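Colleague: As a plain string of letters, each chain reads:
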Amino acid sequence: MRITVTVNGEERALDVEPRRVLADVLREDCRLTGTHLGCEHGVCGACTVLVDGEAVRSCLMLAVQCDGGSVRTVEGLSGPGGEPHPLQRAFSAEHALQCGFCTPGFLMVAAGALESDPALGDDPERVAALVGSNICRCTGYEPIRRAIARAAGEWPESPSRGDLRS
Amino acid sequence: MEQWSRREDERLLTGEGRYVADMDVPGCLDAVFVRSDVAHGVLREVDCSAAREVPGVVGAWSAADLPGVPPCARPTGMSRDLLPVPYVPLAQLSTEEAVAGREWPVLVRDRVRYPGEALAVVLGEDRYRAEDGAAEVTFRIDPLPAVVTPSAAADGTVRLFDGLSNVALRGEAGKPIGEPVWREAAVVVEGRYRQQLLMPTPMECRTILAVPEGDLLTVWSGHQTPHRLRRDLAALLGPRVERVRVVVPDTGGAFGSKSTTFPEFVAVAFLAVELGRPVRWIEDRLESMMVATRGRGQDQRVRLAADADGRLLAYELNIDADIGAYPHLAAGLPMQTAWMATGPYATPRVHATVRSVLTNTMVTYPYRGAGRPEAAIALERSMDTLARRLGMDPAELRRRNFIPPEDFPYETPTGRHYDSGNYAAALDLALEALGYDGWRAEQARRRTDPEALPLGIGLSCYVERSGGESGGLHEFAGVEAHEDGTVTARCGTASSGQGHETVFPALVAETLGVDGARVRLVEGDTDEQPDGVGSFASRSAQVGGAALRNAATLLVEEARARAAALWEVPETEVAWSDGTVHTVHGGSAAMDLAELVKATGPMRVDGRFESGMAFPFGTHAAVAEVDPELGTVRVLRLVAVDDCGVVLDPAMVRGQAFGSAVQGIGQALYEGIPFGENGVPLLAEALLDYLLPTSAEIPPIELRDTRTPSPSTPLGAKGAGESGCIGTPAAIVNAVADALRVADPDLLQMPLTPDVVWRAARAPKLPEEVR
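Protein chains in written order, with my numbering: chain A, 1 to 166; chain B, 1001 to 1771.
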């Protein structure tokens, strides 16, 4: 089935089997391997990407469901000149990653939420709820919570960073 | 680079990391295994013929199809049978005797011994095709009764191997303790503890990609011991393969579970060679939950004797270990528990026995802590029981029995040679950080307030072993200086998230006195670094770091020798500082490494360096509140004081300690594998059926440390990273026992689910007069 998906701002014409999940199409067809598969049944959240700005478990969504839509992955997180996203800087600063396998999922969950409402960083409970949506086995989560709060504090005033979503 | 805390961070945060599943190899086939749906049974038939007709399927094989039968339309010249899974002699994890007569076939030949054991393998042009094919494989198994606990298996009614005992290995540490000791002791407490089976659950499941090119087979795998994997595969595949190279790219966590040669790995490498095509196996989560190695799995009985003042007289630990269906990987692992049974106390008599029992479960293997949590939990729970019996403060009881700092090195009754320690210092710091007296006051207050939820305080003083066992306490490392002023460090370790690329170059740079940015690390590639032992047993910093320090020191010696020859002065006249050689008595002669390499040629030293075992220790203390009506446990506070000697990178060690403590909380409160009556794990909801801690379960955790250098290694560093799995569980369970004041603490078996706690809350309490 032929579909058109805007991936990280770039329009892509893809020919995919209807049964293929979004994560596989991103990884294999688009060669965007930053999206990782940790459980393939929607629990761990490692494969989280933004579909039309909303965080989605890409292992639970068929690629054909994204026809005409836009997808943003961890590869689309840094700025146009390649400068790191505030979340990327904050994750490193807070040691919020060790093996790095779950990291893209946490980054995208946080990116989606902060872009909708940067003020959520001021509310520890909302940050905690965000972190609670994914699984990490290395860090014990506390550094991830700190990193998201830190990135929220450094969030750019203008919503320009969200441009790639549309 | 300054904007990134670790060198690994930039690629891992931008999607540029490269894990095995990310590698793009043209023509690569995906392997999918067809797995048994019963735990134990006789395999009557496997039929792969329909699978071979599925479009995109390249081949499908059962054990009976190998060798001989062409597996698909295209003959492949299959000429050799699959060799069975090798056993692990390293660290006495397994022995010739344990595996004698007990073959572990890569694909089931006639008897299924654990649920999910592989019956057939299907290769497809992609994963979807391979799965399509696997769905067409049919098989027939006549089920046998399954035994999933050591006690059920040990009675021998159901045998896993006909004519052979289910007890694959027996062992002991220390000397048997005579009955008079127990009879004459003022107090003897007994306990039974279940160390439940755990799933290590790294976020990346197991991976292997085998790429044959002529006589070379390159194997990519997320792995902790690439050199062991290379050795095993070379032995299994030779002489068809001249050379095996193993490369470890980014690895998504391991926690001990990625350090051996699994049946699936053998199948994939074998088929890649036979077909002359790249083949990969990317384990999925459900598969991992069914057939990845488990951790822990012990049923323990203990006796602890003390005099009326609380001085320990004797400790006995009997272990029935659930080693799973095959003894090949870790029948000897429970001996780690036996050897560490003494703990931090100067108990004069300690005796530990082990029976390693085969059961119809997937194989038990090291998981973060690997034998030491089981030792610490049994002893520390018993210490709290003893303190209650004596009416003594549990902190005081421990303090009274610690091996004093001046007694190191200390030979334990169970055969360990403790290098250094100051156990009281760690306990004191933990009590202070926790605010122990304040919590005791709060506990007393709540006991008089009928509205208040009961609160308990739990202590756990542990000592563990890091570095490995005799015969595996060395590591290979090299340092090479280049003409452009850069330095390459090589080491036989392999990182799975511990930040070696950051820590090791800094260590080498410090030793050489050069800018850290000029040093880069190469590891996890058996071509780049021909020899290596690997990363397990908290050995990378302690043993690998020492080997790198040694290599860097040898490079300095080499540089001084070369400069002396160049300048025609005695070596004693050449000094080294800040990355340069210069003459001792001033003079103008001075060269940095780059100039020296330009003047004298390539400069590289490689070496094997032997370290000693080290014994990290600490005290973890937990405060928990229990709701007796709901059976819920709320950890209000956890303090972890760890001592891993000299710390190479404090932020990195903190990260390890924190993550490890959270895994320890998992064992104490949440994680357990639900088994059905038929021995098959109940995993209908997959990862939701196995309760890994999420961020909602993390209590306030405070990490502190003391630093008692190890005399066993030149760096003074002891292993870090397993402390939380070892120290935390008993602290939490003890806190719950303290809150509920149950007369029979054996009722509290991990994980302390609401069901367990609710029942314990209804059991008889300790009499009021006892504290």
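To be clear, the hints were calculated from the coordinates, so they are not data collected in a lab. Accuracy of the hints is not assured; some may be wrong.
Here are some, though not all, of the chain B residues that point toward chain A, as calculated from beta-carbon distances under 8 Å [what the hints assert, rightly or not]:
| no. | residue |
| --- | --- |
| 1 | Met1203 |
| 2 | Pro1409 |
| 3 | Leu1687 |
For clarity, every value in this text was computed on a predicted model and none was experimentally measured. Virtual Cβ for every residue (Gly too), placed ideally from N, Cα, C.
Colleague: Answer holds if the nearest beta-carbon of chain A is closer than 8 Å to that of leucine 1687 of chain B; otherwise answer violated.
Modeller: At about 4 Å, which falls below the 8 Å cut-off, the nearest Cβ of chain A leaves the hint on leucine 1687 of chain B intact, so it holds.
Colleague: Under the criterion of a CB-CB separation shorter than 8 Å, is proline 1409 of chain B in contact with chain A as hinted?
Modeller: violated, 33 Å
Colleague: Would you settle whether the hint for methionine 1203 of chain B is holds or violated, based on the nearest Cβ-Cβ distance to chain A being less than 8 Å?
Modeller: With a closest approach of 4 Å, the methionine 1203 of chain B hint holds.
Figure legend: structure checked against the earlier numbered hints; the only hint not met is number 2.
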